[in-house]
Amino acid sequence: MGPDSLQDLTDAGLVVAISRYREEALAEAYRRHAGAVYGLARRLLSDETLAEEIVQEVFLRLWDTPEKFDPGRGSLRSFLLAQCHGRAVDLLRAETARRRREEKDQRRTAEAGYDLELEVWDLAVAEHVKDALVGLPEGERRAIELAYFGGHTYREVAAMLDQPEGTVKSRIRAGLKRLRTELVGSGVGGPAVDGGGGSDGHDL
Amino acid sequence: MVMISDSEHEALRSLLGAYALDAVDDSERAQIEDHLPGCPRCRAEVGDHREVAAALGRSGAPAPEGLWDRIASELDGRTAPPLRLVLAGHGTDAITTAPPVVDRPSRRWRRTAVRITSVAASLLLVLLLAATVTQRADIAELRDEQALGEAATTAFASPEARITELRTLPDGNAEPGQVLARVALLPDGDGYMLADGLPDLDEGLYQLWGVAGDQVISLGALGRDPKVVSFRADGSVTGLMVTQEAELVERSENNALVSGSLA
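So the sequences go chain by chain: A and B. So the first sequence is numbered by my numbering: it starts at 1 and just counts up by one. So the second sequence is numbered by my numbering: it starts at 1001 and just counts up by one.
Keep in mind that the hints were calculated from the coordinates and are not lab data. Every clue listed holds true.
The calculated lysine to aspartate or glutamate pairs, modelled on EDC-like cross-linking and capped at a C-alpha distance of 16 Å, are: (1) 68(A) - 1250(B); (2) 177(A) - 1045(B); (3) 177(A) - 1048(B).
Facing chain B, a subset of chain A residues (Cβ under 10 Å, in silico): (4) 51; (5) 52; (6) 75; (7) 88; (8) 143; (9) 144; (10) 155; (11) 168; (12) 174; (13) 175.
Please read these numbers as outputs of a predicted model, since none were measured by experiment. Quick reminder that beta carbons are idealized off the backbone N, C-alpha and C, glycines included.
Generate the whole structure from the sequences, applying the supplied hints.
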C-alpha cells in the first residue's frame, strides 16, 4: 500500500493500517486531525508546550492501541478529540492548575468582560458551527462553553453562573441536542468532513 | 452491568451531555461507564454528543511544525508492539493488536524436543500460506503474510524454540485433549502460533494468555478467525491459554478453551 492510496482511505481504513504498524498511516491520520487536537488542547490549557505534549500522547496512544477506536461508535476525529479533551481536563483539574484557573476566572467575571461572543469568535471554527453556537439560548451556550472549553464540571459551572446544578446539567444536554439538530439542518457532514471521507456513516 | 430502575436510568441519561464533555465528577463518571456497555441507546447518545463537541473543537490551524517529527522519532524508539497479527484469509478489518505485555525478568529458556510436531506444523503452515496466497490481491499484505509465514516456519524448525500444543480442556465444549493450535516460542521472545484448529467465531474474539508464576498475563487478541499469528512473550512465561471473549479484556472471567505448557 503506497502513500498515495493512504490518502484515499477512510479513517477506519487508516486505523486498520495503523494496527499493522504502518507509520505512514499514522502520519496521514496526523495530517487529517492533529490541527484540531492541538487547537482544542491549546484552548483548554492556554499552554503551547502542554498542548503539544497532549497531541503527542494522543497519537502515540492511537499507535499503541488502535483497537480502542471503534468506527461503529463515531468518527476518528471525535474519538481523538475526546481523548485530548479528557487528558487536558485531567491536567486542568490538577490542584495547582485549578487554583490558577479559578483566579483567572474570578478576574474575568469581575471584569464583566467575559464576552462569549468573543470566546466563540476565537474558536476558529467553521462559520456554520459559529452560527449554530451563537444561535443557542444563552444559558445553554454558556454552560457548554464553560464545560467544554473551560474544562469545568457542571457543578462548577452551576456555581460560577449561580444556577441550580440540575438546570446546568439539563442545559448542557439540551444545548448539545439543539446544536446537533442545527448542524444536521445546515447540511454539514460532521467533524470529519475534511478528513478524507472518514466519518464512516456517522454524519451529524 | 447492574440493572437499574427507570428513574435511575433517567437520572443517568440526564448526565450524558455533561459526561460527553468530561464535566461530571468521578463517581458519576464511574456510574455512567458501568451503565454504557449494556445500553445501546445511551451509548449512541454519548456518541452523538461527542460528534457535536468535535465540531465545536474543530480548528483550521495546523499543528505546530516539527511536532510530527517528534512523534515519528518516538515511534522509532519504541519496541514493536507485543503482538503482531495477520489473520490469513480474512479482510483487513479483522486485524487487532494487543495491549503491552508486562515486562518481566527473563529466565533461562528450556527446550522441548518435540521435533515431529514442528515438522507437522511446518507442513501445515505451507498449506495455510498456499490457501492465503490465492485469496489475497493486495501485494503488500501478501508480503506481510509471507514474511510472517517464513518467520513462523523458521521458528518451528529452530532447535532453540520452545514448542507446545494447545489442547482442549476437559470442561470445554470440544472433546478434551484435541490439539487446536501449536506454538513455537523463540529465546528472543518472538512467538508464533498456528491456530487453524480454533473454530471461527461469529462474534467476540479469541484472546491469548501467558502463565508466568502465579500470574496470567494477556498476550493479546487473536481475532475471530486466527490462522498464523505472531506474539511476544518473555522467558518467564511457562504456559499458554486461549479464551473466548466479547472484547479484549484485562482479566478473563472465562475458562480457557485450550492450554499448553512451555515448561
